[in-house]
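Student: Protein sequence lines correspond, in order, to chains F and G.
Position 197 of the first sequence, counting from 1, maps to 197 under UniProt numbering, and the rest follow consecutively.
Position 147 of the second sequence, counting from 1, maps to 147 under UniProt numbering, and the rest follow consecutively.
Please note that the accuracy of each hint is not assured.
Claimed, not checked - Distance ranges between label pairs, derived from CB positions:
#, chain 1, residue 1, chain 2, residue 2, range
1, F, Leu218, G, His318, 43 to 51 Å
2, G, Pro309, F, Thr15, 35 to 43 Å
3, F, Asp462, G, Ala11, 46 to 54 Å
To be verified - Stretches of chain F that chain G covers, calculated by requiring three or more beta carbons in the stretch to come under 8 Å of a beta carbon on chain G:
#, region
4, 208 to 215
5, 305 to 318
6, 325 to 339
Claimed, not checked - If we take Cβ atoms under 10 Å as the criterion, some of the chain F residues that face chain G in the derived model are:
#, residue
7, Ile366
8, Gly370
9, Ala374
10, Ile408
11, Ser428
12, Asp462
Think of the hints as simulated: they come from the structure by calculation, not from any bench.
The beta carbon of each residue, even a glycine, is placed where N, CA and C say it ideally should be.
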Amino acid sequence: MSVISAYARALAVQTGRAQPVATVRHVHLSATPMVFIPLKLAGEAAAPLAALVGTDPANPRLLVVPQPRNRDLRFAFMAELADVMLPYVESFAGVTETVEAKTPYERSSDAPQLLVPNRGGIAFTKLLGRSTRFRRADGPYPVHPSVPVLGQWLTFLAERAEYAGSSALVAMTEALALHWATGQSPMEDANLATQLAWIAPPAGQNGPEAALAAEDPLTSPPAGPETHPDFDGQVLDHAIRAYETSSSPAQVREALRTQLEPTWTLMWQAVRLLRELPEAATVDARWAKDRDQFTRETARLADGGFPRGRIDGAVSAAIRLADLESALQTYEAQRAFDDPLVMAEHRVAGKAFSGEVVAVDATRRIVPPGKTRAAPRPLVTIRTSDPVRLSPGKRLSSSRNRKQKTEIVSIAGDLVVIQINDQMGRGSTPAPGSVPEVGEIVCYAELDPSGGQRPRLPSGEDTPWTHGGPPTPYVPTDEDAQEAWS
Amino acid sequence: MIALTPEQAAADATAAILADFTGGPHRGVIVDSPPGAGKTTLVVTAAMTLAGSGERLMIVAQTNEQVDDLTDKLASKAPGLSIGRLHSDGFTVPSRVTRHPGVTASNKIDQVEACTVVIATADKWAYVSERTWPWAIVDEAYQMRSDKLLAIAALFDRALFVGDPGQLDPFSVVDTERWAGLAWDPMQSAVAVIGRLNDLPVHRLPVSWRLPASAAPLVSEAFYPFAPFRSGTAAADRELKLATAGFPVAWDRTLNEAAATGWALHELPNRHTIRTDAEAVQACAGLATRLLQRGAVAHDENDTHPVSPDRIAIGCAHNDQVAAIRAAGVPAGITVDTANRLQGREYDVTIVLHPLSGRRDATAFHLESGRLCVLTSRHRHACIVVARAGIAELLDNHPSTGRVQLNVPVKFPDGWEANHAVLAHLSDHRVQA
Numbered sequence: 001m002s003v004i005s006a007y008a009r010a011l012a013v014q015t016g017r018a019q020p021v022a023t024v025r026h027v028h029l030s031a032t033p034m035v036f037i038p039l040k041l042a043g044e045a046a047a048p049l050a051a052l053v054g055t056d057p058a059n060p061r062l063l064v065v066p067q068p069r070n071r072d073l074r075f076a077f078m079a080e081l082a083d084v085m086l087p088y089v090e091s092f093a094g095v096t097e098t099v100e101a102k103t104p105y106e107r108s109s110d111a112p113q114l115l116v117p118n119r120g121g122i123a124f125t126k127l128l129g130r131s132t133r134f135r136r137a138d139g140p141y142p143v144h145p146s147v148p149v150l151g152q153w154l155t156f157l158a159e160r161a162e163y164a165g166s167s168a169l170v171a172m173t174e175a176l177a178l179h180w181a182t183g184q185s186p187m188e189d190a191n192l193a194t195q196l197a198w199i200a201p202p203a204g205q206n207g208p209e210a211a212l213a214a215e216d217p218l219t220s221p222p223a224g225p226e227t228h229p230d231f232d233g234q235v236l237d238h239a240i241r242a243y244e245t246s247s248s249p250a251q252v253r254e255a256l257r258t259q260l261e262p263t264w265t266l267m268w269q270a271v272r273l274l275r276e277l278p279e280a281a282t283v284d285a286r287w288a289k290d291r292d293q294f295t296r297e298t299a300r301l302a303d304g305g306f307p308r309g310r311i312d313g314a315v316s317a318a319i320r321l322a323d324l325e326s327a328l329q330t331y332e333a334q335r336a337f338d339d340p341l342v343m344a345e346h347r348v349a350g351k352a353f354s355g356e357v358v359a360v361d362a363t364r365r366i367v368p369p370g371k372t373r374a375a376p377r378p379l380v381t382i383r384t385s386d387p388v389r390l391s392p393g394k395r396l397s398s399s400r401n402r403k404q405k406t407e408i409v410s411i412a413g414d415l416v417v418i419q420i421n422d423q424m425g426r427g428s429t430p431a432p433g434s435v436p437e438v439g440e441i442v443c444y445a446e447l448d449p450s451g452g453q454r455p456r457l458p459s460g461e462d463t464p465w466t467h468g469g470p471p472t473p474y475v476p477t478d479e480d481a482q483e484a485w486s
Numbered sequence: 001m002i003a004l005t006p007e008q009a010a011a012d013a014t015a016a017i018l019a020d021f022t023g024g025p026h027r028g029v030i031v032d033s034p035p036g037a038g039k040t041t042l043v044v045t046a047a048m049t050l051a052g053s054g055e056r057l058m059i060v061a062q063t064n065e066q067v068d069d070l071t072d073k074l075a076s077k078a079p080g081l082s083i084g085r086l087h088s089d090g091f092t093v094p095s096r097v098t099r100h101p102g103v104t105a106s107n108k109i110d111q112v113e114a115c116t117v118v119i120a121t122a123d124k125w126a127y128v129s130e131r132t133w134p135w136a137i138v139d140e141a142y143q144m145r146s147d148k149l150l151a152i153a154a155l156f157d158r159a160l161f162v163g164d165p166g167q168l169d170p171f172s173v174v175d176t177e178r179w180a181g182l183a184w185d186p187m188q189s190a191v192a193v194i195g196r197l198n199d200l201p202v203h204r205l206p207v208s209w210r211l212p213a214s215a216a217p218l219v220s221e222a223f224y225p226f227a228p229f230r231s232g233t234a235a236a237d238r239e240l241k242l243a244t245a246g247f248p249v250a251w252d253r254t255l256n257e258a259a260a261t262g263w264a265l266h267e268l269p270n271r272h273t274i275r276t277d278a279e280a281v282q283a284c285a286g287l288a289t290r291l292l293q294r295g296a297v298a299h300d301e302n303d304t305h306p307v308s309p310d311r312i313a314i315g316c317a318h319n320d321q322v323a324a325i326r327a328a329g330v331p332a333g334i335t336v337d338t339a340n341r342l343q344g345r346e347y348d349v350t351i352v353l354h355p356l357s358g359r360r361d362a363t364a365f366h367l368e369s370g371r372l373c374v375l376t377s378r379h380r381h382a383c384i385v386v387a388r389a390g391i392a393e394l395l396d397n398h399p400s401t402g403r404v405q406l407n408v409p410v411k412f413p414d415g416w417e418a419n420h421a422v423l424a425h426l427s428d429h430r431v432q433a
């Protein structure tokens with residue numbers, strides 16, 4: 001926990017209300033997000049029990065599995081879910097825009113966004129995807145043809161959620177924690193009801209009082225995917241028995257509705273709270289990445305793409321790791337440059353500093369290492385009161401020009417001298433405006449929004465002997481869907 | 001059976017490694033080397049043996065510093081050898097490398113590929129393509145992440161992987177369990193991956209030439225429980241003398257204890273503190289200053305020399321602690337760095353800010369055995385640990401309870417146990433401040 005977030009939490013306790021830790025919204029919020037609250041059967045790895053799903057706050061669709069131990073009913077549930085989700089997902093595929101790039105390409109103008117209550121919701125979405133994407137409409141144990149398609153999309157969304165800064169599948173408690181610090185521990189923050197109680201307590205109550213009230217499972221049932229054990233034992237069990245004898249799912253539906261509807265209300269309350277914040281500058285660029293990936297997945301599935309394998313090969317794992325690292329690095333840098341409150345965390349940690357430019361040597365030219373000709377390398381002296389913990393040679397970026405590369409030359413007392421290395425035009429002296437001027441307030445940080453460059457890896461067929469050699473190509477079979485736990 | 005002398009044991013091990021590497025049936029050979037066991041010497045010997053029989057080879061190290069050290073050592077041992085030092089654009093090759101006439105330094109592979117030996121960092125090698133070498137030596141292979149090896153593995157036919165298994169594992173900023181249990185998990189070290197996917201012979205270097213007789217048994221037992229090693233020197237070979245008697249204050253008593261026994265625990269009163277604990281930071285800087293003021297002289301198997309600032313290091317766990325200690329006024333020339341950056345380095349005396357000092361919890365990061373192993377195995381003469389009292393109780397309150405993942409090999413040593421072993425040993429050398 002950083003000093004700023006620790007302070008904000010202490011302040012939240014003192015004032016009895018959550019404190020903002022961001023001035024802008026760092027997640028994309030679709031105009032029509034789909035809220036998805038899945039529940040699973042206790043004690044089973046991937047047995048869906050119910051879900052409340054929809055894009056209209058006033059009109060949620062309740063789906064249940066009246067006997068969750070019955071596999072046929074589970075996949076009937078998944079077919080019903082596909083009936084809600086696939087039209088939503090596919091509605092975004094048709095509308096595209098042309099992206100001006102070196103080679104212009106088509107990209108979906110918008111993409112689906114799924115909101116789940118918490119991290120457990122993401123994990124369960126991933127499991128649902130895994131248990132359905134290998135299923136087939138023919139062969140043994142056939143399922144409705146829409147089920148494997150839904151599995152592919154759930155898998156796509158859950159895998160996008162691994163990338164920092166992606167908004168394709170968002171856990172609401174995490175989105176809220178990005179913007180508010182409550183007076184409870186990060187683990188308690190994973191409870192949507194108490195977290196929202198701290199952020200927006202009902203009139204006449206303060207945060208801790210409202211959070212205490214929200215801990216009562218009768219008024220705020222768990223947001224899933226696990227249900228409350230008392231509910232399982234005292235309500236659900238009887239309802240399932242009633243279904244077994246009467247074949248009417250009404251009692252199960254009613255029982256699960258009581259468990260899901262409070263969370264549904266909370267989810268839309270959270271959406272409203274987040275909508276009130278102005279969107280951060282780079283949210284759009286990150287959402288464009290989500291739209292890119294959505295476009296690619298649409299094309300892949302249209303080509304009859306195989307379901308994604310359960311495990312990554314050596315090369316794809318290495319590529320994915322590099323992608324994840326680069327996304328995280330970019331996201332952290334962008335978030336800090338977008339938001340002074342986030343940058344403050346880096347400034348307190350000594351990884352960034354802000355101050356006034358007191359001197360500029362704009363005409364300085366040196367022969368850079370490894371080069372033969374002199375090039376402009378202006379020096380900028382900044383006076384700062386921040387505790388700078390960077391050493392000479394460290395590469396820095398600035399919100400002035402996020403692409404410009406600079407490095408620290410020296411630090412003496414409250415004076416930091418930096419050297420500017422590029423983005424100064426082609427002339428022998430820096431282009432006007434490319435170098436900060438005396439009196440300007442600037443902020444530099446050891447953060448790289450570019451995400452870094454990386455070497456090429458061998459293709460999967462060329463996996464070297466050190467990593468087990470080339471893997472056997474994937475051919476779908478009827479046994480794909482079998483799991484050790486299924 | 002007649003016990004081998006350290007020299008014989010080391011020579012036998014080296015001969016077996018070279019025979020297996022150059023003549024064995026395997027594409028790779030792994031060499032586990034404890035701290036200061038002559039890893040670099042082995043790399044240089046192997047390189048000279050191969051070059052001597054007219055073979056071309058590539059050498060991979062992990063940092064530019066390691067590459068420069070290796071180049072310098074190799075060029076000094078074999079002045080006639082043509083060595084190519086491949087580096088990245090904009091990197092200034094230090095004079096200790098360029099002073100050798102046999103070394104060609106360039107950022108272009110075409111300008112150095114004709115050399116018998118080409119040395120570069122793994123990061124730089126990853127940008128070389130369409131060339132192959134029959135032989136490769138990968139140094140510090142336990143510090144290398146397996147995805148880096150994946151990028152360069154097509155460049156060589158056979159390789160010698162040398163490294164220290166007790167040091168810090170490579171890490172990623174990304175926190176994911178996606179690949180846990182996979183043999184080719186890209187977040188593992190290169191050695192872990194090749195070892196799990198190929199049946200390769202593993203050799204061990206049995207003697208530490210760096211660690212004194214006072215340190216080798218502890219480090220061996222705590223951090224290398226299944227690969228014991230011994231010190232190459234006897235207790236009488238190493239002596240640290242302080243030229244002045246000192247005052248009866250805590251700092252000087254700590255230094256006396258360290259000079260006499262090779263270990264000292266400078267114990268501050270029990271307290272929960274922030275990471276940059278002002279008193280602990282002050283003690284680290286103060287002990288280093290006093291050590292210089294009191295004129296320490298080191299006597300070892302080679303010579304007798306004063307302990308100058310460049311022979312002293314202060315190590316800690318976090319960057320902000322490094323910054324705080326530097327800001328507290330450390331004499332010029334003394335190295336202050338994190339465990340990650342001290343890997344592979346050697347000093348006469350090290351001062352260590354204990355990773356768990358003043359903490360309220362023992363996280364996996366702070367319990368990682370590699371971190372403590374690096375910090376307590378950099379010295380030739382003495383190691384001084386600065387810590388708040390109460391670490392043993394802290395450990396007992398936080399037994400290690402990592403998540404159990406299927407197919408993930410159990411890692412030894414256990415950080416919790418290693419921490420206790422070191423603490424138990426240090427408690428005999430405690431000086432209360």
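Student: Against this structure, judge whether each hint is valid.
Tutor: Outcome of the hint check:
| no. | hint | verdict |
| --- | --- | --- |
| 1 | F:Leu218 with G:His318: 43 to 51 Å | holds, 45 Å |
| 2 | G:Pro309 with F:Thr15: 35 to 43 Å | violated, 50 Å |
| 3 | F:Asp462 with G:Ala11: 46 to 54 Å | violated, 40 Å |
| 4 | 208 to 215 | violated (count 0) |
| 5 | 305 to 318 | holds (count 7) |
| 6 | 325 to 339 | holds (count 3) |
| 7 | Ile366 | violated, 13 Å |
| 8 | Gly370 | holds, 5 Å |
| 9 | Ala374 | violated, 15 Å |
| 10 | Ile408 | violated, 13 Å |
| 11 | Ser428 | violated, 20 Å |
| 12 | Asp462 | holds, 7 Å |
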